[in-house]
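J.: As a plain string of letters, each chain reads:
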Amino acid sequence: KAGVTQTPRYLIKTRGQQVTLSCSPISGHRSVSWYQQTPGQGLQFLFEYFSETQRNKGNFPGRFSGRQFSNSRSEMNVSTLELGDSALYLCASSFGGARLSGNTIYFGEGSWLTVV
Amino acid sequence: SQQGEEDPQALSIQEGENATMNCSYKTSINNLQWYRQNSGRGLVHLILIRSNEREKHSGRLRVTLDTSKKSSSLLITASRAADTASYFCATGPIQGAQKLVFGQGTRLTINP
Numbered sequence: 641k642a643g644v645t646q647t648p649r650y651l652i653k654t655r656g657q658q659v660t661l662s663c664s665p666i667s668g669h670r671s672v673s674w675y676q677q678t679p680g681q682g683l684q685f686l687f688e689y690f691s692e693t694q695r696n697k698g699n700f701p702g703r704f705s706g707r708q709f710s711n712s713r714s715e716m717n718v719s720t721l722e723l724g725d726s727a728l729y730l731c732a733s734s735f736g737g738a739r740l741s742g743n744t745i746y747f748g749e750g751s752w753l754t755v756v
Numbered sequence: 013s014q015q016g017e018e019d020p021q022a023l024s025i026q027e028g029e030n031a032t033m034n035c036s037y038k039t040s041i042n043n044l045q046w047y048r049q050n051s052g053r054g055l056v057h058l059i060l061i062r063s064n065e066r067e068k069h070s071g072r073l074r075v076t077l078d079t080s081k082k083s084s085s086l087l088i089t090a091s092r093a094a095d096t097a098s099y100f101c102a103t104g105p106i107q108g109a110q111k112l113v114f115g116q117g118t119r120l121t122i123n124p
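Residue numbers (our numbering), protein chains in the order written: chain A, 641 to 756; chain B, 13 to 124.
Looking at chain A on its own, in the form it has when it is part of the complex (with noise of 0.2 Å):
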């Protein structure tokens, strides 16, 4: 079956625009949770969303934000866009139910995104 899809792979994006990626998680997962990897601070968690709530955040500004589809499609978006927000923004999907602690966590290929 297919894994999961990001898009765009690849954008350039100026100061103070802002950015939507889109991630289709892997058929039949209902949870969707970003990371953005810098060579700086590594791979850090953003967010997970779980039938359409968000149900846990990492330690980003406000600037990001996502949200979650019925087809549990998720979008992430950042906006007045920085310098630093230059990254790879990863997507994972798994099937998330709360008893499922053992869940396997599986990443799409991840969005180049580069601030100019």
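Hints are not guaranteed to be accurate.
Here are the computed distance ranges between Cβ atoms for each label pair [said to hold, decoys possible]:
1. A:693 to B:63: 26 to 36 Å
2. A:726 to B:32: 31 to 41 Å
3. B:24 to A:693: 43 to 53 Å
4. A:656 to B:68: 32 to 42 Å
5. B:66 to A:650: 21 to 31 Å
6. A:701 to B:29: 23 to 33 Å
7. B:21 to A:650: 38 to 48 Å
8. B:81 to A:709: 38 to 48 Å
Rather than coming from a laboratory, the hints here were simulated on the basis of the structure. For each residue, glycine too, the CB sits at the ideal point set by N, CA and C.
Fit chain B to the given chain A structure using the hints.
T.: Structure of chain B alone, referenced to chain A:
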């Protein structure tokens, strides 16, 4: 913040040799997962090991977990050039919260 440390940060070996990477973490866990990342690509899931397991195998991969020491290791046997990548351990999920906390990773280079 990172959960813990990975050791070594970089490892270079000859093709055919075994590679061992270690991961330490700070808090109690339910699960620990290992991932591979080729340069510029996404994360590929390798193995999930639960806190009540001590060892798991998958092909040429062997993962051990020592919860008393809060550490895990990944062994790749008979390495190949295609194993060249960064390897990350991540703790989680825990109690339904699908959040992973990653180490800084080990950069593995396999020399032909």
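J.: All hints are to be evaluated individually against the structure, with a verdict given for each.
T.: Hints, one by one, checked against the model:
no., hint, verdict
1, A:693 to B:63: 26 to 36 Å, "holds, 27 Å"
2, A:726 to B:32: 31 to 41 Å, "holds, 34 Å"
3, B:24 to A:693: 43 to 53 Å, "holds, 45 Å"
4, A:656 to B:68: 32 to 42 Å, "violated, 48 Å"
5, B:66 to A:650: 21 to 31 Å, "violated, 42 Å"
6, A:701 to B:29: 23 to 33 Å, "violated, 45 Å"
7, B:21 to A:650: 38 to 48 Å, "violated, 27 Å"
8, B:81 to A:709: 38 to 48 Å, "holds, 43 Å"
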